[in-house]
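Colleague: Chain residues, written in single-letter form:
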Amino acid sequence: GDSVTQMEGPVTLSEEAFLTINCTYTATGYPSLFWYVQYPGEGLQLLLKATKADDKGSNKGFEATYRKETTSFHLEKGSVQVSDSAVYFCALSDRGTGANNLFFGTGTRLTVIP
Amino acid sequence: DAGVIQSPRHEVTEMGQEVTLRCKPISGHNSLFWYRQTMMRGLELLIYFNNNVPIDDSGMPEDRFSAKMPNASFSTLKIQPSEPRDSAVYFCASSLILREAFFGQGTRLTVV
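Just so you know, the protein sequences line up as chains A and B, in that order. Each residue of the first sequence is one higher than the last, beginning at 78 in the numbering used here. Each residue of the second sequence is one higher than the last, beginning at 44 in the numbering used here.
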């Protein structure tokens, strides 16, 4: 079945450090891939998405490239800020199954210290 | 658009009481999801609807939980009777079918 595996947290970085949060997936069809972010006390917000292989999603300095050969969608940012502290979720929607389920990873908590 | 609207934002109730959570999806969206989030179990999909029809309710913990979507602009999640282990943040999300989901602010439920 479909699933998403993302790196365990928590992750603590200093301001301006480079960020990578790994995400790999298993899908039976043709998935769309997403990164969501959850700030304290709020719901999840879509950060970026990619709908087909080799697509790169980007937003607010974050990037992720849909790699079909490695079934990965790693999140990266070149220089993190304190305001990036949040929980990040990788997610998958598999069009090939005909369903509309959204599969989420377990989330990775990022803390950025000044 | 105001986004996905959930009510109430916070609910405190006594064990054994009935709890009803409400959700108004984004106008025009035809898929609606109910999720539960806890520290121990993370984000769990409880049920989702396409065009007001329940498609997958395999995540509903037990018969105490029920969800309805009587029309395209309203859904409820009901817990009867509630138990302390139901304490969590419950999120509603909506989307166009096979597109990204938009989440509400959540309802923080505390059962004492």
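The reader is advised that the hints may include incorrect statements.
As the list claims (entries may be wrong) - Simulated DEER-style distance windows between Cβ atoms:
no., chain 1, residue 1, chain 2, residue 2, range
1, A, Gln122, B, Gly102, 16 to 24 Å
2, A, Ser91, B, Ser116, 15 to 23 Å
3, A, Thr147, B, Met83, 27 to 35 Å
To be verified - Residues of chain A placed beyond 12 Å of chain B at every Cβ, according to the derived structure:
no., residue
4, Thr97
5, Thr103
6, Ser109
7, Gln115
8, Glu119
9, Gln122
10, Thr128
11, Ala130
12, Lys133
13, Phe139
14, Ser149
15, Val164
16, Ser170
17, Asn178
18, Thr183
Calculated from the structure, these hints are not laboratory results. Every residue, glycine too, gets a C-beta built ideally from N, C-alpha and C.
Colleague: In ascending order, which of the hints set out earlier in this document are inconsistent with the structure?
Modeller: 2, 6, 7, 8, 9, 10, 15, 16, 17 and 18
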